Amino acid sequence: MVEVVYPQEHGKTVRVELRDPYWAAFLAWMWPGAGHIYQRRYGKGLLFMVCILSIFIFGLWLGRGRVVYASFERGDFRWQYICQLGAGLVALPAIVQSVKTRDGGDPFLVLCERYPEGSGMGKSFRQIPPDVVDSGSGLPSRTYKDGFMAPPAGPIDQNEVDVLGMWHFEMKHMFEMGTLYCVIAGLLNLLAIYDAFTGPAILTAEQREKIEAKKKKKKGAVDAPDRAGDTSQRSGS
Amino acid sequence: MNELIEILPLANSLAKIWFALPLVIAISLVYGATRHEYMSDIVIQSYRSLIWVVGFMAIIFAIIFLAGFWN
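Chains as they are written, first to last, in the working numbering: chain E, 1 to 237; chain W, 1 to 71.
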């Protein structure tokens, strides 16, 4: 059982019970706010949960379930996923999808299917209409499937039209916006994990005094030349 | 008049700036929560952070906007 005490002015103290900080940090990573709830800091736990998860889910919605995916291949090194992984369990399905589709397999939770057609500049990956997919007739022998949190199917080449390019084309700026939201959610959860592990960065009375003293010293240094200027003016007149 | 027509695309892209609002609120609240333990202190700190972030964004916006008139 670990407890942190922050002495405040007038003999007051702020006490934070961290219980098992390692376990709390792990829980905080797994599910934003869970570490704080384990520490019985319910208000903060709820605040972290609402803020971080809502940002993550909103981002995922903006990007139509495609902005969180794990791909570290040449031409599509998804560094954003490393940040998004900070949100914990909610980002983990991307790893499952990545493993599932590694050798050209179909992802879980298929969002749509695409025609890989044409070549060169005329190449396209249009979505197959849902009624064609439902009936099963008229489907090309080979389709690319977009999966929820799955990496883009097919080869990725910056000089060619590919599925990733189609995502950007179809979603416009929402793809980047969704990615940004999920990245920020992951990074914010790192702050929450730190808070669960070490407690909040509350200033103690001693630290406050030091800061105040520094401020006064600075102010004094600024005021002193002014006063010197005033006296010289007065003596001059 | 011509100058106004030139900045019309900017007005169109201004709608996108609303996407920053939920982010700024969430960031302010989470940052405030890492600096304090009690909800009243967290809210005060978050409000201050929000003003800082929005103010900083406004300054950057003003600089970029004015830079657009520089020829």
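By construction, these hints were calculated from the structure, which means they are not laboratory data. Predicted model, so just to flag it, every value in this text is computed and none were measured. A portion of the hints provided could be inaccurate.
Stated by the list, open to error - With the Cβ distance kept under 10 Å, some of the chain E side facing chain W (calculated, not the full set): (1) Arg-15; (2) Val-16; (3) Lys-44; (4) Cys-51; (5) Ile-52; (6) Val-110; (7) Ile-211; (8) Ala-213.
Ideal Cβ positions, reconstructed from N, Cα and C, are used throughout, including at glycine.
Tell me if the interface restraint on Ile-52/E is satisfied: Cβ within less than 10 Å of some Cβ in chain W.
For Ile-52/E, the interface hint holds, since the closest Cβ of chain W sits about 7 Å away, which is under 10 Å.
Verify the interface restraint on Lys-44/E: the C-beta must sit less than 10 Å from at least one C-beta of chain W.
holds, 5 Å
Do the numbers back the hint for Ile-211/E, that is, is its least Cβ distance to chain W under 10 Å?
violated, 14 Å
Next item in the hint list is Val-110/E. Is there a CB on chain W closer than 10 Å to its CB?
It is violated, given that the least Cβ distance between Val-110/E and chain W is near 28 Å, above 10 Å.
Under 10 Å, Cβ to Cβ, is where Arg-15/E needs to be relative to chain W, so tell me if that hint holds or is violated.
Interface hint status for Arg-15/E: holds (9 Å vs cutoff 10 Å).
Would the hint on Cys-51/E stand, with a C-beta cut-off of 10 Å toward chain W?
Holds, because the Cβ-Cβ distance from Cys-51/E to chain W comes to roughly 4 Å (cut-off 10 Å).
Less than 10 Å between beta-carbons is the criterion; does Ala-213/E satisfy it with respect to chain W?
violated, 21 Å
Grab the minimum C-beta distance from Val-16/E to chain W and call the hint holds if it beats 10 Å, violated otherwise.
holds, 6 Å
Hint check: violations occur at hints 6, 7, 8; the rest are consistent with the structure.
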